[in-house]
Amino acid sequence: MKQQSKSNRWLTAALLTPTGLWFAFMLVLPLIVILVFSFGERAAVGGYAGGFTLEHYANLGARLKAFSNTLTYAPIGTFLSLLVAYPLAYYLAIKVNRRYKLMLLVLVIVPFWTSLLIRTYAWIYLLGGKGIPSILDWIGIEDVRLINTPGAVLMGIVYGYLPLMVFPIYVSLDKLNKSYLEASSDLGASPYKTFMQVTLPLSMPGVATGCMLVFILLMGEFLIPAFLGGGKVFFIGNALVDLFLQSRNWPFGSAISITLVVIMLITVSLYMRMTLRNSKTGVDESLM
Amino acid sequence: MRIYAIAVYLFLYVPIGIIVLFSFNAGSHASELRGLSVQWYAKALSNPFVGDAFVTSLVIALTVAVLSSVMGTAAALALQRLKGKMRILFDGLIFVSVMIPGIVIGIATLVALVTVFDFLNPILASIWPEGAEPPKLHMGYASVIAAHTLFTMSLVIIMVRARIAGMDRALIEASMDLYATPWRTFYQVTLPQIYPAILAGFLLSFTFSFDDFIISFFVAGPNTTLPIYIFSSIRRGITPEVNAIGTMVLVGSLILLMGAQYLMRERRQQRTTG
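These protein sequences, in sequence, are chains A and B.
FYI, the working numbering numbers position 166 of the first sequence as 616, with every residue one higher than the one before it.
FYI, the working numbering numbers position 77 of the second sequence as 83, with every residue one higher than the one before it.
Derived from the structure by calculation, the hints contain no laboratory data.
Backbone N, C-alpha and C define an ideal beta-carbon position, used for all residues, glycine too.
A hint or two may mislead.
[What the hints assert, rightly or not] Stretches of chain A that chain B covers, calculated by requiring three or more beta carbons in the stretch to come under 8 Å of a beta carbon on chain B:
#, region
1, 506 to 517
2, 561 to 567
3, 660 to 671
[To be verified] Quick list of the computed label-pair ranges, beta carbon to beta carbon:
#, chain 1, residue 1, chain 2, residue 2, range
4, B, Gln194, A, Leu637, 44 to 54 Å
5, A, Leu471, B, Arg87, 11 to 21 Å
6, B, Tyr201, A, Val478, 29 to 39 Å
7, B, Ala131, A, Leu479, 15 to 25 Å
8, B, Asp183, A, Val478, 33 to 43 Å
9, B, Tyr185, A, Leu471, 25 to 35 Å
10, B, Leu27, A, Leu637, 44 to 54 Å
11, B, Leu39, A, Glu592, 20 to 30 Å
12, A, Gly579, B, Leu27, 15 to 25 Å
13, B, Lys89, A, Arg723, 21 to 31 Å
14, B, Arg93, A, Leu479, 16 to 26 Å
Given the sequences, and given the hints that come with them, work out the whole structure.
Spelled out as structure tokens, the structure:
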């Protein structure tokens, strides 16, 4: 490696300055401000007044339902998306004819590039009184309520984030050396055993990436519960919108935001540490 | 297996199909189909609010995409030569900016900017010359662009960096050994190799910004972006007009995607033949 000259170092600094300023003013500063606000008092007209109090953190229990909902629906939604996505990714990577592969893959990804707002809105139609319930009514199953239920929210989650789950799993399955699968079956392993002992472990990096992406997005989800949960199933995101824009309780909202960020930092770094360790052993095995 | 795949594709596309179908509804009731017509498209297109919201979203998304791809690429190039504490700091900031939920970005930006503006506006007013109207800082285009760019810039850095990692370093060293200036090395050796990642980052930034609802919802101030308009129309009740707008947005994204695919293929062919 060549020694870096002085002008080179200046160039590096110049290239990084805009990004550094952006991080400072749009990430670090705002986070510090909400951290300060979260210890402040609520002004009489809403908004913020100076002070130091821990009452907002002590009061987090008032929004316990939002936290417990988010922390149950996010993992369950992630897992359901994985269950739906894996077979499709497997089919696309291993079973499907080469000629249609790219087209079929693009068809999965395209919805993700279109507005989640509009795609979620479509389910208001489908699950609402004149949608699927009216069809069920027609075949004799009466009085089914679908919208504004936990099931509707989970359906919206799977629908919204399926593409994001399929893609990384597809990539890791597609890279998988097909001769391993042949070797496994040549050695007399049943398809089930081949899948459990060869395919699944080797696709774990993709599964881990997909799950993390979906989980992160779900933790801050607002739209899906707002449209399909109808106030009955609400996430932290819905509580935050309410606190900031309706009741204007900024300090309490700041305390909730800070708590959400801390929960995410902890879960995501634990998760990354876990999967990194696993994937390292995975790499070692594949090198042998 | 194939049946399962077909079922998943139906699951993905039937809801979109329903939106498109109902956008051609001749009746005025949102959920009863009464013949086909394009009246709702005419209505949506002649609605000045829709036009304004569309232009707002377009201007914001284009600015975000340009800023993110330029700054993100510059940062990615610089970061690969950076080591030590600064490198760890930047990696940490990139990680946090990608991981943090959009809603928290929206809230934190709103709170921080309102605080800063409340502090600066009286100062500006006091130092401004008598008689002239002092400028008043407020939320608007700039705050949305700044908040979106935080996230999309980090995306571009990650994508371009992955591309740089897969690049042949020997070419760059060869170019430097042959006394090419850093600029020339960048323009003639590095750029052509990382170009696809930058283009993908540009598109991703554009779509993210154009489709984003939650960040804009907090920081747009008096401005209305298209997703904000759609959201509030849905809140008022679903109408065929919303379906027409939704369909146009979907078709627009599709055209953009296909255009990008076409551009990339074109370039790839140029490189293999040229």
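> Measuring from beta carbon to beta carbon, are Lys89 (chain B) and Arg723 (chain A) in 21 to 31 Å?
Replying inline: holds, 23 Å
> Measuring from beta carbon to beta carbon, are Tyr185 (chain B) and Leu471 (chain A) in 25 to 35 Å?
Replying inline: holds, 34 Å
> That 16 to 26 Å hint for Arg93 (chain B) and Leu479 (chain A) (C-beta), does it hold up?
Replying inline: holds, 22 Å
> Does the Cβ pair Gly579 (chain A), Leu27 (chain B) satisfy 15 to 25 Å?
Replying inline: The hint (15 to 25 Å, Cβ to Cβ) holds, given that Gly579 (chain A) and Leu27 (chain B) are roughly 18 Å apart.
> Do three or more residues from the region 561 to 567 of chain A put their C-beta atoms closer than 8 Å to C-beta atoms of chain B?
Replying inline: Holds: 6 residues of the region 561 to 567 of chain A have a Cβ under 8 Å from chain B.
>> Using a Cβ cutoff of 8 Å, are there at least 3 residues of the region 506 to 517 of chain A near chain B, or does the coverage claim fail?
In response: Violated: only 0 residues of the region 506 to 517 of chain A have a Cβ under 8 Å from chain B.
> Is the gap between the beta carbons of Ala131 (chain B) and Leu479 (chain A) within 15 to 25 Å?
Replying inline: Once the Cβ atoms are compared, 23 Å apart, the range 15 to 25 Å for Leu479 (chain A) and Ala131 (chain B) holds.
>> Is 11 to 21 Å respected by the C-beta to C-beta distance linking Leu471 (chain A) and Arg87 (chain B)?
In response: Given about 19 Å between the Cβ atoms, the range holds.
> How does the Cβ-Cβ distance of Asp183 (chain B) and Val478 (chain A) compare with 33 to 43 Å: does it lie in that range?
Replying inline: holds, 40 Å
> Is 29 to 39 Å right for how far apart the beta carbons of Tyr201 (chain B) and Val478 (chain A) are?
Replying inline: holds, 32 Å
> Do three or more residues from the region 660 to 671 of chain A put their C-beta atoms closer than 8 Å to C-beta atoms of chain B?
Replying inline: Per the Cβ count (4), the hint holds.
> Taking the CB of Leu27 (chain B) and the CB of Leu637 (chain A), does the distance hold inside 44 to 54 Å?
Replying inline: holds, 52 Å
Of the numbered hints given earlier, the model fails hint 1 alone.
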